[in-house]
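Trainee: Chain by chain, the residues:
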Amino acid sequence: MPLRRWLNEATPLPGAPRARALTVDADAWREAARAVAAAGGRSITLWAAGGGRTLRAAFATGPGVLVLSLPLAAGAETYPGIEDLFPCANRLQRAVADLSGPRSTDTDTRPWLRHAAWPADYHPLVAQGGPAAADGTAVEVYPFVRVEGEGVHEIPVGPVHAGVIEPGHFRFSVVGEKILRLEERLGYAHKGIERRFQSMALLDGHRLAARVSGDSAVAYSWAYCQALEGMAGTEVPPRAVWLRALGLELERMANHLGDLGALGNDAGFAFGLAQFSRLKEQLLRATEHALGQRYLFDFVVPGGVGVDPAPEALRALGACAEDIQREVVRLREIYDEHAGVRDRFNGAGTVLPELAARLGLTGLAGRASGQAFDLRCDLPCEPYTELRPRMVVRGEGDVAARVAVRFDEFVESCRLLGEILAHLPDGPVRVSVETPAEGAFGIGLVEGWRGPVFVALEAGAAGAIGRCHPHDPSWQNWPVLEHAAIGNIVPDFPLINKSFNLAYSGHDL
Amino acid sequence: MWKTLRQIQRIGIATEPPPSPDDALRVREELQAGIREVMGRALCIRHIDAGSCNGCELEIHALHNPIYNLEGLGIRFVASPRHADLLLVTGPVSAHMEVALRRVYDATPDPKLVVALGDCGCTGGVFGESYACRGRVSNIIPVDVAVPGCPPAPNSILTAILTAITASKRAP
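Chains as they are written, first to last, in our numbering: chain A, 1 to 509; chain B, 1001 to 1172.
It is possible that part of the hints are untrue.
Stated by the list, open to error - Going by beta-carbon spacing under 7 Å, a handful of chain B positions derived as facing chain A: (1) Ile1048; (2) Asp1049; (3) Ile1060; (4) Asn1065; (5) Ala1079; (6) Pro1092; (7) Ser1094; (8) Cys1133.
In short, the hints are calculated from the structure, not lab data.
All C-beta atoms, glycine included, are put in the ideal place defined by N, C-alpha and C.
Construct the entire structure; sequences and hints are all you get.
Mentor: Given below as structure tokens:
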């Protein structure tokens, strides 16, 4: 059955634009996923709800978002995996087994988010209390895939890294300097976010959503509020919607500036870090002046935004962005002409478009590898329907391409910022939100700076959150980083890793 | 190359001068004097993310920009706890980082200082305590100074470092 017919059978889902939901049985679950894959659709995420008895999977397709629900039959402990169709499902399915219990048919049954801190038979998203035998001091042995052969040795790195970085473990198998294989072990930053949501009120959850991954606070809190407001039937005032886009683009610009500096530094060009970090600080200060915070953790709130910026501060913000853009254009010339930087950037950590498509590389890194997807263009919510962003795509798939995408997206975000400031509607910036009834279900989907940020929200009793599943695009991109590292030398890994700049906290939950 | 040099010349020194006595920059002067007096050399800091959302990391990175110019104040981030005088810990402590955090603490030579950074480091923040989360940093290792904020601004982080240094100066 082609994708169009699956979508026709599905019913509209509140929240994100053009989202539809369909309940299926185990056979149709695989069949629908296959139809999505055949139509060039992408997997967004996979999670368990309903006390771990209903599997859900979200897909982005040309015509819209499709959310499949698979209720498990009584007594059934397994469900058909889709990792053969969408490789990123491997880790998602392992995480479902760790947190909710049901196992997929995938033969890789290693734990993913669970380390030794709680026992295998304890499922935190289903259990009522805490684990019986929590032992934080136990150290487990994780079965990494071993590479055999003469001269092969392993380099373990992390979870505490040498720089100011989030925790995670990398296991390199190398011969001399050359990386034969990289395997990641994540989950160190797992702090029970999904369970925490279940103890919060629906109208309060945006605060936790903003802190799923701090560098994407606007994207997460917007996605959360989009789901909530869709469920509640809230009409968000136009001025608030445009201000949310202002916040999202500022977040994109700040992160791109930070990364461009750090990438120069990792290529041995400290000048770049000094220059770009100075520009980022200017932007953060202008953001604080206009919106009250350097990082917009509490900017997007249910029903609108938390502050109504003064016209003078918005003008200053616009002028600041223009100044920074002029500098960025100048610095780009310097990066482009610097032989040492060029040598380090070009050809490092290459992911060709074919591999990117097969593994489902998404977001910024995907667009650097020919994956022309950007929710702001493909499935735009307001005000992107009017702003019409230009999508930035490159085909080389190396560090240089990911740098180039950042440069181009920065300039495009500056243009959008100018448009937003020029056409910002008047009116209120916040309306009250009715508490959705128990059982209501909605999703939010926003293109953060790193890629698509997804939130699935289900209402519980008496205004509480029944289930909330946030999903970071890093889930899709971490496995691709393992491929990007192959054949490169170990000293290039920090540069390659930085060029993806994936979230640990956003992934580990 | 000339473009690079011209840019450096054009921008000049971005580091902020100390403008008035009660400004946060005054803290920076005291900080430098405090470090010189107590350490007699650069203060070496080892950062550990014990499970943060990465918001605090963004502000630690900001300390390195030319405007705050952390290294100019005699503060250095080091790659190993063996080289560190002070541990700067972010995040609530996730259960999965508990062992690593204890090991880092044990690997840091005495006398050592610990600064817990951000609302999460101070209280567990929005994440609290759960099956996967041990909450505040002081639940796991001794903490000298805790600086609130979500995330704390760069100057607050500098103030916290100063506070830790001066507290250690008073200690016998």
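Trainee: If a hint holds in the structure, say so; if it doesn't, say that too.
Mentor: Verification of the supplied hints:
1. Ile1048: holds (6 Å)
2. Asp1049: holds (5 Å)
3. Ile1060: holds (5 Å)
4. Asn1065: This hint holds: Asn1065 of chain B lies near chain A, its Cβ roughly 4 Å from the closest one there, short of 7 Å.
5. Ala1079: holds (4 Å)
6. Pro1092: For Pro1092 of chain B, the interface hint holds, since the closest Cβ of chain A sits about 6 Å away, which is under 7 Å.
7. Ser1094: Holds - the Cβ of Ser1094 of chain B comes within 7 Å of chain A, reaching about 5 Å at its closest.
8. Cys1133: holds (4 Å)
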